[in-house]
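J.: Sequence:
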Amino acid sequence: MRFLAARKAPDLKDSLIALTKGDEKLTVEQRITVLDAVAESLAALGEQAAAVAAWTRHAELAPNDLHPRVRLLEMTLTSPNKTDADVEKAVAEIRRAEGPEGSLGRYADIELRLWKVGRAGDDAEKSRLRNEARTQLAELRSRRPDWAIVPLLTAKLEEQELGQAKDDADRKRRLSRLADLYRQAIDLGRRDLPVVQKATELLMQADRTSEVAALWSKVPRLNAESTDSNAAERTILGKVLEAKSADKAVGADDAQALDDVVAIVRERVAARPKDFAEAHTLAQLLIWRKKPEEAEDVIRRAIIAVPDDPNRRIVLVQLLAAGGQIDKAEQAAAQLERAIPADRLPLAMADCAGLIAQGAGATGREDQKAKWFAVAKTSFAKAQAADPKQFSIKRRYIDFL
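So the sequence shown is numbered by the working numbering: it starts at 42 and just counts up by one.
Don't take each hint at face value.
The list that follows gives simulated cross-link-like pairs (lysine-lysine, PhoX-like), each with its CA atoms no further than 20 angstroms apart [stated by the list, open to error]:
#1 K157 to K197
#2 K213 to K239
#3 K197 to K123
#4 K239 to K259
#5 K435 to K423
#6 K369 to K331
#7 K197 to K167
#8 K418 to K435
#9 K369 to K410
It should be emphasised that the hints constitute simulated quantities derived from the structure, not laboratory data.
Generate coordinates for the entire structure from the input sequences, incorporating the hints supplied.
T.: Following this line, the structure appears as structure tokens:
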């Protein structure tokens, strides 16, 4: 399953489902382990119906296991085709498996009421349902004060009431309160990305961007110096950056959002000076904010941190050439030979030369364009001669041409 998920084949859903077939020779516990793992992977892919089918089989094999029933409730609540009967059945299954006095049953009842708020036809009914949910939450909090689900449910309830804010100041106060609830849930152990992403967004909306770095420091996955952590951070910030690009007009709200993200990434760069993914992200953000000099400074500092990394130098040349600073781009390319290992030099020089040729052409410098076009062709030839069976080099050369 892990191999299939990493391969990301077009038929991944069917391949994952196939792993749950023909499992009769496994023990019940082993079948459940497979079903649960496959269901989680399918859910992560957005294959909701297939995930529900796997958890339903898990539930059938383990009549008193609460885990698949809780996951089925969560999936039912987010399904676009759910009905009152579907949600009530999922809640009843949790109640039946746990017994009448269980905490998960109380959690399920609160979810049911909050879900019904969105279906209620008038304000009086919505108010009644919220008051019932609030009473149940108070009882659940007294029983399980250390349970992360309590602040998350409280946040879900209070988010439904955001529209009741009297003015902008009241709305910001409510957003700040929601941010505190998500932070509390993280402190109590909920470190999954959707929760961290929501907490990040709320802190930014409440003008508390400076607290994001401290929040992320509590999440091991985000605090690690790894590719996975970089990907996770970009996932979290993705919504904030959505639909923003250098060639689109940036409104006041967008500009503030970008400034907030810049502040977050700056702190990450300071904490991980050798991590180029962080520095590259910051440079892109600064370019979007029309601050090319600051972006250049960020990349140059990244080069100082790891001087023999060709990618950093290629990005610097790209930034300078795209900005029409052809002479500075040439100076940066001239430093490659004494900084980059010989086995990596031809491709790095080919990339830089191609970028300078494009930049020179865009600024009408035909002589420099011809010169660097020739350098790129020569460098690609050297790279292919060194490794003639490597097709990726040929592909890059074709892209360049």
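J.: Among all the numbered hints in the text so far, which are the ones the structure does not match?
T.: none
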